[in-house]
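S.K.: Let's have the full structure, built from the sequences with the hints guiding it.
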Amino acid sequence: MSRRIHPSVAGAQPFQLAERDPEAPLFESAEGQERLQAVLSRYPTKQAALLPLLGYANELHGWVSKQDMESIAERLDLTPAYVWSVASFYTMYNKHPIGRHFIQVCTNISCHLNGAQRVLERFLEETGTRPGETSEDGRYTVIEAECLGACGFATAVQINDEYHENVTPERVSQILAGLDGNGS
Amino acid sequence: MAYPYRDDRETTTVLSRHMGEPEARTLSGWLERGGYEALGTALEMEPDEITEIVKESGLRGRGGAGFPTGMKWGFMPKENGRAHYLCCNADESEPGAFKDREIMRWTPHLMIEGCLIAARAIRAGHVYIYVRGEFFPVVRVLNQAVVEAYEAGYIGRSVLGSGWSCDITVHLGAGAYIAGEETGLMSSLMGGRAEPWMKPPFPAARGIFGAPTTVNNVETLASVPGIVANGSAWYRQWGSDESPGTKLWCCSGHLVKPGNYELELGVPLSEIIYDVCGGAPDGKRVRAVIPGGSSTPFLTADELDCETTYEGMQAAGSSLGTASPIVMDESTCLLSAMRRIAQFYAHESCGQCVQCREGTEWIAKILRRIEDGDGEMKDIDTLYDLCEQLTGRTICVLADSVVFPLRSSLDKFRDEYESHIQQDACTAT
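Protein chains in written order, with our numbering: chain A, 1 to 184; chain B, 185 to 613.
One should not assume that every hint holds.
Claimed, not checked - Here are the simulated lysine-lysine pairs, DSSO-like style, with alpha carbons at most 30 Å apart:
1. B/Lys-468 to B/Lys-239
2. B/Lys-239 to B/Lys-262
3. B/Lys-468 to B/Lys-596
4. B/Lys-262 to A/Lys-46
5. B/Lys-596 to B/Lys-562
6. B/Lys-549 to A/Lys-95
7. B/Lys-562 to A/Lys-46
8. B/Lys-549 to B/Lys-562
9. A/Lys-95 to A/Lys-46
Claimed, not checked - Facing chain B, from chain A, some residues (calculated, C-beta under 8 Å):
10. Gly-152
11. Asp-161
12. Leu-179
In case anyone wonders, no lab produced these hints; they're calculated from the structure. Owing to the predicted nature of the structure, the values given are computational and were not obtained by experimental measurement. The beta-carbon is built from N, C-alpha and C at its ideal position, and this holds for glycine as well.
M.R.: This is how it looks when you write it as C-alpha cells:
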C-alpha cells in the first residue's frame, strides 16, 4: 500500500481483493489523500472521479458503505443520493460486506454450454452457501456472474481479483483448498 | 496451455504476433520487437495525413459495428487549441468476445502506441482507456505498461521531444455491459450511470466533458501502428475491398480447440469452425452457431459456408459483430441457450427505455416458462410481437441485440420451441 501509485493509473487499481480493512479511514489518511488528489488530477470535472473513488472504497473496505458514499459525495461536491444512484447501477461495487473469498461463477452462454450451472452448484455445495449469502465463518460468498470475457476458457470463475479458467465441477474442491492455503 | 493457439497461416499474425511472449509486455521487450517505431513515423506526420492513411487502409471498427475508422476520425474538428479526447473502449463485454483482453494482457504497448497515434490524428491531448472492471489481471499488466511508457517519455509532455503532448489515463468500469456502448461509456466515464444518449449530437461534435471525442475499440487501435508503419496497401493485402485486414477471432462453445485466432477477413466460417477449431468435440455434429457474439443472428449448420467479411456475413443473414462464434453441438437445448442469452440482456438493460426495460424481462420470463414446461403456443406469437416492439425504438441497440438471436432462433428452430411447449421435450439429441 505504501508504493506510490502513478496518477495515470490511480483510478484503475484492482478493487476486489482478499486483503481489506473495513475500518480503515477512506480519505483521512495520507494514502487516501494521495489517491484522491491523484484521481482528481486526471479529469476536468470532479464528478468524473466518482467511479474511481467508489472503486477505491471497495478496494480498501471490501464493500462501499453508506458512510463511504457520503464521504465521496462531500469530496466531489455531489449529493449522497446522486452517488447512491450511480453506485447502485454498477454490480461490482458491493453494497454490503462479502466473504473473504468472493467467488463469481460465469453462467453466460459459452460457460452455460460447457456446464457452468454444475460448477456453480458445486461451489455452493462445498461452501454451504446460497447465492449471494456469506458462509457463517465469513470465508465465502458465491454469486452467479454475467460474462467475464473468458468465453474460450469456459467455465470461467473469478475469485477476488484472480481468474480461474476451464473450471469443471471436479476442480472445485481443489480450487477452494488452494484459497485456504493462502491463509484466512 | 499453448495460448493463444497458433494457426499455421503465419502471414496473418499481425496483431497476435507477440502474444504468448511475456517479454513483449515490457517496454524494453517491446522496443526490441520494433515497438514505437510507428509512433516516431506518426510524430513526423500531420494529423490529417495519419487519418488519410487509415482511411485508405479501409480499417473498420472492431467493436462490432464495423464503421470505417478513418472516416470516424475525419469527423473530428480540425481546429487546434480546444480540448479533444480519445476514449479507448476496452470494456469488452459482449458474451463470446475475449480478444481485447488478450491484446491488453500480452501486448499492452501495441495498444498504447495505437492510442497515441490515433490521439495525434484527431488532435486529442488526453486518452482515457476505459477497461471493464472485471479485468483485474489485465489491468495490472496494462497499468505497468502505461507507467513504463510515461517514465520513458512515450506518454506525457512533449512525446519523445516532439513538442506534441498527450496524456493517457486508465479508467476502470464496474460491471455494466452497456458501458461498452459508446455513449454509455462516455456517460460512465463522466461519473454517471452508463446510460446511452441520443445521437445527434455525435461524439465528434460533443462527447465527454462537452468536447469533441472519438471512441475506438482496443483491436481497432492495435491495428493502427502496423498500418502507419507499413502503409495502407500492406494492410489491404488481406481481406476484401470492403473488409480489409486481419481479425482476431474468439471461438467458444462446443469446440475441440476453442480460443483466439488471428485470421484474414473472408476465410469461410465453416473453415474456422471445422479446420481451425476442430469442430465439436466427441464427434458430435454442430447444430447452430451464433457467429459474431451473442447479439448476432443464429446460423444453422447448413449456413456456415459464408465468407467472414462484414458484407459476407450480412449476406448470410447474420453479422460479423465481434467475430466471436459461439458453437452449439447437437446435444444443445437451443431454447435453454436462448433463455440464457435473454436473461443476460434483461439483466443489462439500463432501464431508460420502457420497451427495453420491460421487453427484455418479458422475453426472459417467457423463455424460462417454456423451458419449465409451462409454455403455450401463443407464447411464440408473443415473442414475435416483442421482436417487433423492441426493434429500432430505443436510444441504443441493446434491445435490438436480443431480438437478433431471438427472432432467428424462432425462424430457424421453431420445432425446438413447439416441442418444448407441446411435449415438454427438447429436440436436441
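S.K.: Please go over all the hints and tell whether each is borne out by the structure.
M.R.: Hint by hint, here is what the structure shows:
About 44 Å separates the Cα atoms of B/Lys-468 and B/Lys-239, which puts this hinted pair outside 30 Å; it is violated. Restraint check for B/Lys-239 and B/Lys-262: the C-alpha separation of about 16 Å stays at or below 30 Å, so the hint holds. Among the hinted pairs, B/Lys-468 with B/Lys-596 is consistent with the structure: their alpha-carbon atoms are about 20 Å apart, no more than 30 Å. For the hint linking B/Lys-262 to A/Lys-46, the alpha-carbon distance of about 28 Å falls within 30 Å, and the restraint holds.
For a cut-off of 30 Å, the pair hint linking B/Lys-596 to B/Lys-562 stands: about 18 Å separates their Cα positions. Between the alpha carbons of B/Lys-549 and A/Lys-95 the distance comes to roughly 26 Å, so the proposed pair stays at or under 30 Å and holds. A distance of roughly 52 Å separates the Cα atoms of B/Lys-562 and A/Lys-46; the hinted pair therefore is violated under the 30 Å criterion. With a C-alpha separation of about 14 Å, the suggested pairing of B/Lys-549 with B/Lys-562 holds against the 30 Å cut-off.
The hinted pair formed by A/Lys-95 and A/Lys-46 meets the criterion: a straight-line CA distance of about 23 Å does not exceed 30 Å. The restraint placing A/Gly-152 at the interface with chain B holds, with a minimum CB-CB distance near 4 Å, inside the 8 Å limit. Checking A/Asp-161 against chain B by beta carbon gives a least distance of about 4 Å; that is within 8 Å, so the hint holds. Hint status for A/Leu-179 relative to chain B: violated, with the closest Cβ pair at about 16 Å, above 8 Å.
The structure is inconsistent with the numbered hints 1, 7, 12, although it conforms to all the rest.
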